[in-house]
Every structure is written in structure tokens, then in C-alpha cells.
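**Student:** Sequence:
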Amino acid sequence: METTNFIVRFLEWLMSFDPKAVVLGASAIGAGFAMIAGIGPGIGQGYAAGKGAEAVSRNPKSQRETTMVMLLGAAVAETSGILALVVALIMLFGNPLISAKGSAMVIMASAIGAGLSMIAGIGPGVGQGYAAGKGTEAVGKRPKLQSSVVRTMLVGQAVAQTTGIYALVISLVLLFANPLIRM
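Letter by letter, the sequence shown follows residues 1 to 183 in full-length UniProt numbering.
Hint data in this document are derived by calculation from the structure and do not stem from the laboratory. Because the structure is a prediction, the values reported are computed rather than measured. Just to be clear, a hint being listed does not mean it is correct.
Pairs of lysine-lysine residues, derived as DSS-like cross-links and limited to a Cα-Cα distance of at most 27 Å, are as follows [what the hints assert, rightly or not]: (1) K61 - K141; (2) K61 - K144; (3) K134 - K144; (4) K101 - K20; (5) K134 - K20.
I would like the entire structure built from these sequences, with the hints used as guidance.
**Tutor:** The structure is reproduced here in C-alpha cells:
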């Protein structure tokens, strides 16, 4: 009961501010949340780099092929971080919610939700990095199979990216075509 009263009082206090200021503040929070997605690519790329170093230590003659696969796989693993960065930059520099008409509470929640949804990019970053690491490891063992290993790795990484794309779609809907504002 007391928690409910606190939340109601907090929301009333929050809505006492200029609605544009509330939306701007929520957009800043949302942009920060969006960047949490960078955790996934960081882990994934580190894994790929570690597997690359391990593969080269086992088979120094495969260094060129191994490094190429590691770099390609790590670059793909960064995509969810890039998508999150795009959403954060939109919220900071071109946020369409600032001029939206409707409930300031809904608009504020939409800005925060757009950022929070991008956290889903952690999974693709880790998964794609794992695929890159395993691909790198395989090429280190058998450099002559680089072409088929890379092809398989890229297909797997593309499938792994789907949840990051879903998160981007939800963020863009909340920012540009928000059905909640019109309700």
C-alpha cells in the first residue's frame, strides 16, 4: 500500500515538470539503456580474438587465414552494438518523440522502452562472437577449409542476428510510429 502511494506521488511529481523536459530526460535514459547492448559484442569479440590467438599458437602457419576469419566474425558480432548506437543517436539528436502530441507519460515511457528493447542485442553479440570463435578455431586447425567454414559461420551469424533486428524494429516503432501515443 505504501509503495503504491510512493509510486503515485512520484509520478505526480514527475508530471509536474514541463512535458518536453520529461521526454528529453527519458530519452537520455533510454539512450543509455540502449548502449547496454554493447556488452554482447564485447564478450563475443573477445571470445573470437581469444580463439584466434589460441588457434595461431597451435598452428602458426595458419595465422593469415585464422586472423581473417577472426576479424570478419568479430566485425559481424559488432552489428547489434551498432544498431544500439543508432537508436541511442536517434534519441539524442533526432528524437521524433520530442514533438509528439499525447500523454507525456506514454511518450516518456516510449523513449525509455525504445532504449530498453535494444538490450536484446546482447544475445546476438555473444552468439555471433561464439560462432566467430569456433570458425576461427576450425580454420586454425584446417586452413584449407577457410571458404566453407566462413560461409557456414556467416549463415549462423545471420540467423543469430534476428533478435537484434527484432529489438531494432520495436525501438523504431516506439520512436517513429508509436501506436500508444494515439490511444
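**Student:** Give a verdict on every hint.
**Tutor:** Verification of the hints:
Our distance criterion of 27 Å between C-alpha atoms is met by K61 and K141, whose separation comes to about 10 Å. Of the pairs offered as hints, the one joining K61 and K144 holds, with about 12 Å between alpha carbons and a cut-off of 27 Å not exceeded. Restraint check for K134 and K144: satisfied, since their Cα atoms lie roughly 16 Å apart, inside the 27 Å limit. Under the criterion of a C-alpha separation no larger than 27 Å, the hint pairing K101 with K20 is consistent with the structure, at around 10 Å.
Taking the CA atoms of K134 and K20, the gap is about 48 Å. The hint is violated against a cut of 27 Å.
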